[in-house]
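First to last, the protein sequences are chains X and V.
The first sequence maps to residues 13 to 459 in our numbering.
The second sequence maps to residues 162 to 410 in our numbering.
Keep in mind that a hint or two might mislead.
As the list claims (entries may be wrong) - Cross-link-like lysine-lysine pairs, in silico, DSS-like; alpha carbons within 25 Å at most:
| id | chain 1 | residue 1 | chain 2 | residue 2 |
| --- | --- | --- | --- | --- |
| 1 | X | K430 | X | K420 |
| 2 | X | K341 | X | K329 |
| 3 | V | K288 | X | K291 |
| 4 | V | K177 | X | K420 |
| 5 | V | K177 | X | K99 |
| 6 | V | K177 | X | K107 |
| 7 | V | K288 | X | K50 |
| 8 | X | K99 | X | K51 |
For the record, the hints were derived by calculation from the structure and aren't laboratory data.
Quick caveat: nothing in here was measured; it's all calculated off a predicted structure.
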Amino acid sequence: MSETLVSIWTDANTQWVLIGTLLLGLASGLIGSFALLKKQSLIGDAMAHAALPGICIAFLIHGAKSMSWFIIGAALSGLLATFFIEKIIKLSRIKEDTSIGLVLSVFFGFGIVLLTYINHQSKGNQSGIDDFIFGQAASLVGADVKLISAVAVLLIIITVLLFKELKLLTFDPQFAQGIGLPTGLLNGLLMTLIVGVVVIGLQAVGVILMSAMLITPAIAARYWTERLDHMVIIAGAIGAFSGVFGTLLSTTTKGMPTGPLIIVAATIIFLISMVFAPKRGLLVKAIHQSRLRKQVAREQVLQTLYDFTEQEYVQYKVGNGFHEQQIMKKRPISISMLQKVLSSLEKEELVRRTGDALWCLTEKGLTEAYHITLRNRLMEVYLMNEMTYAHFNIRQDQSMDLLQLPEKVLTELKQLLKQYGREPLVLPEKMNAGKRSYHRYASIGGK
Amino acid sequence: MNSVTVENVTVAYHRKPVLQEVSFSVPEGKLIGIIGPNGAGKSTLIKAILGLVPRASGNVYIYGKPYKQQRKLVGYVPQRGSVDWDFPTNALDVVLMGRYGHIGWFKRPSKKDVEFAMSCLEKVGMKEYANRQISQLSGGQQQRVFLARALAQDATVYFMDEPFVGVDAATEKAIISLLNELKAQGKTVLVVHHDLQTVKEYFDWVLLLNMRKIAIGPTEETFTLENLQKTYGGRLTFLNQQHAIVNQQ
Chain X
13 MSETLVSIWT
23 DANTQWVLIG
33 TLLLGLASGL
43 IGSFALLKKQ
53 SLIGDAMAHA
63 ALPGICIAFL
73 IHGAKSMSWF
83 IIGAALSGLL
93 ATFFIEKIIK
103 LSRIKEDTSI
113 GLVLSVFFGF
123 GIVLLTYINH
133 QSKGNQSGID
143 DFIFGQAASL
153 VGADVKLISA
163 VAVLLIIITV
173 LLFKELKLLT
183 FDPQFAQGIG
193 LPTGLLNGLL
203 MTLIVGVVVI
213 GLQAVGVILM
223 SAMLITPAIA
233 ARYWTERLDH
243 MVIIAGAIGA
253 FSGVFGTLLS
263 TTTKGMPTGP
273 LIIVAATIIF
283 LISMVFAPKR
293 GLLVKAIHQS
303 RLRKQVAREQ
313 VLQTLYDFTE
323 QEYVQYKVGN
333 GFHEQQIMKK
343 RPISISMLQK
353 VLSSLEKEEL
363 VRRTGDALWC
373 LTEKGLTEAY
383 HITLRNRLME
393 VYLMNEMTYA
403 HFNIRQDQSM
413 DLLQLPEKVL
423 TELKQLLKQY
433 GREPLVLPEK
443 MNAGKRSYHR
453 YASIGGK
Chain V
162 MNSVTVENVT
172 VAYHRKPVLQ
182 EVSFSVPEGK
192 LIGIIGPNGA
202 GKSTLIKAIL
212 GLVPRASGNV
222 YIYGKPYKQQ
232 RKLVGYVPQR
242 GSVDWDFPTN
252 ALDVVLMGRY
262 GHIGWFKRPS
272 KKDVEFAMSC
282 LEKVGMKEYA
292 NRQISQLSGG
302 QQQRVFLARA
312 LAQDATVYFM
322 DEPFVGVDAA
332 TEKAIISLLN
342 ELKAQGKTVL
352 VVHHDLQTVK
362 EYFDWVLLLN
372 MRKIAIGPTE
382 ETFTLENLQK
392 TYGGRLTFLN
402 QQHAIVNQQ
C-alpha cells in the first residue's frame, strides 16, 4: 500500500489523472449549482445516460479507443436526446419528467445493446469501453487527461465570466429578458456547459453516476450558505475533493471503479451537511423546534394560570390553587409536557404547588404572567385596528414585541384595551397603586 | 408627449386569443391602473409590451421609438410568485439585479451601483434588511424588494404586475406613496390591479381590459358603471357591489 502511494505521487500519468479529476470535480460543482437551482438536475442525468450509444457508435466507426471521438459521439447523442425530450413535451401531453425518463431509458438501453455487441466482437474485452458504465480514472492516458483538463478549465472560465448573467437567468428569467439579456442564448449556453461537463466526466465517473457528480456537491453546498457565489465555490471545492479522493482510492485498490468512490465521498459530505449545517441542518432545526415548543408551552401555561387568577380575583374568591386538569382543559397540551413545564416553572420560582396537582402563581410568576397576558391582549386589539397602526411595521419582524412600541401608541392601545374590557386586572406589586395586592388577594375582604 | 403607445397588439396561446387588437396611448406622468376580470389578459398585456410573450401582431413605442431601442427607459416589477424565493441570495443582491442592464456583460457591480441599490432599498423602507436572505422576508417585504429592484433600473416608464397582491397594510401604504413620488417626478407607471375598491383612490387613469380594450382615460370619466358592465360582462352579483362602490365614491 505504502509503495503504491509513493508511486502515485511520483508517477507522471497518475499526477495528471489527479489534476484531471480535480478540475472535473470543480467544474461539476460550479455548473451543477446552476443546474440544481434552475431545477434541471434530471437533464444532466438524461444527458449522461444518453451519451452511451454515442460513445459506442463512435467506437464502432473509428474502430479504436479515442477520447476526442468519444467526446464527439457522447455530445451528439446527448444533444439528440435533449431534442427528443423537448419535442415529446411539445407534441404530446407527456410532462417533462416522464419525457426525460422515457428518452433516458431508451437511449441507455440501446447503448447497452451496442456495448454488448462490441464486447462480443473479436477485439472484445480489450476495448475498455466497459469503463464508461462506472468510470475508471486509472484507464485515462496522458493525452485524454490533458483534453479533459483543458475543457474543464474552459467551462470554469466561462461560468466565472458569465456568473452575473447566469445568476439572473436562474433566479428570474423574465426579468432577465425584460432588461434585454438574450435569455434564449444564455439558456442554450448553460445547457452546453452541462453537456460539456457531463461528457468530459464520462470516462472517469461513468454514465450512471455522472449526474450525481453534478448535483451532489451543489446540494451539499446549499446547506452551508445563503449566497450564490459562496455556494458555487463550496460546491466546486466539494466536487474537487471528491474527485481526488475517489481517484486516489480507486488507483490504490485493484479493480475498484472510480465513479462510485467519487460519489460515495460526495454523498458522505452531503449527509454531514444535511445534518450538521449551522442554519439549514436538520439538527439545528430540530433543536429550534423543540425550544420553540417549550417556550410556547411555558407562555401558555403562565397565561392560563393568569386567566384563572383573574377570574377568582374579580369574584373575590380564593381557591385552593388550580388543577392540572383544569389547565389542560383550557389549553390543549399533553400531560407530560404540562408537568415538565410546571416543574421548570417551579424551579424558576414562578409557580408554587398548593396541593396534589394543584398550582398557583407566585408573586414573581404573576409579574411574568401579567406581561405575557398584556402583550397577547394588546396584539388582539392591534389586529382589530391594524390599518390605523400599520406604519409601525409591527408584523414585519419575527419579534413582534408590542411593549417596545413608542409610549404614545402604547397608551393609545392600552386605552383601547380598556374599552374592549380586555385589560389584565391583577397587577404586579410594583404597579399596584393602592389596590388589592396580588398575594393571593392578600386580605380578601374589603368589598 | 405620449410615454407609451401600443398599436394593434394581439396575443394568442395555441390559437386561443388572449388579447385582441389592443391599441392605446398613455400620456407622460400618469398612474394608470390596468383593470379587468380574471383571465382578461392584464398580465399578458404587460408581458406583450415588454416582449416577454410573443406578439401575433402589433407594435409598442416608448416615447415615440420602438420598445427595443428604449429598453433602458423601462422598469418592470413581475408578480412576486414568479420566482423561487429560496434562491441563495439577499435583498441587496436582488436589487442590484436592476443595475445589470446598465453594468454590461462580464463586469461586476461597482461601488456606485451598490450605493444606488442601497438608496433604492431605503426608498421602500427596507434598508435594514439589505443583508437578509430573501426567503426570510415576509410577502410584503419581498414585494418591496422587487419594487426597489425596479427603482434601481432608474427607468422612466414602469410596468408593475399585481404589486398589491398578498401584501400587508404597511407595504400597501409604502407602495402607494412610492407610486405617487414617481408620478411627481414625471414618470409613468402602469399597474395591473385587482381591487376595484381602491381604483379611484390610487390611480388617475384607468385602462379597462377584457381581451379587448374596453376604455382608457382619466378615472373620473372612465371608471363608470357602464364601462365596468362592459368589462365584467354578466357577473351580476359582483356588479351590484361595483354599483355600490361607484356610487359611494
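### Task
For the pair we were handed, K288 of chain V and K291 of chain X, check the Cα-Cα distance against 25 Å.
The given pair, whose Cα atoms are some 23 Å apart, holds under the 25 Å limit.
### Hint consistency between K341 of chain X and K329 of chain X [alpha-carbon to alpha-carbon, up to 25 Å]
holds (21 Å)
### Message
Against the 25 Å threshold, does the CA-CA distance of K430 of chain X and K420 of chain X hold or violate the hint?
### Response
holds (16 Å)
### Query
Are K177 of chain V and K99 of chain X close enough, with their CA atoms no more than 25 Å apart?
Holds, at about 21 Å.
### Query
Does K107 of chain X lie within 25 Å of K177 of chain V when you go C-alpha to C-alpha?
The given pair, whose Cα atoms are some 21 Å apart, holds under the 25 Å limit.
### Query
Hey, K177 of chain V versus K420 of chain X, does the alpha-carbon distance stay inside 25 Å?
Distance ~59 Å between K177 of chain V and K420 of chain X Cα, so the pair is violated.
#### Entry: Distance restraint between K288 of chain V and K50 of chain X, which requires alpha-carbon spacing of 25 Å or less
violated (29 Å)
### Message
Does K51 of chain X sit within 25 Å of K99 of chain X, going by the straight-line distance between their CA atoms?
### Response
holds (19 Å)
Violated hints, listed in ascending order, are 4 and 7; each of the other numbered hints is respected by the structure.
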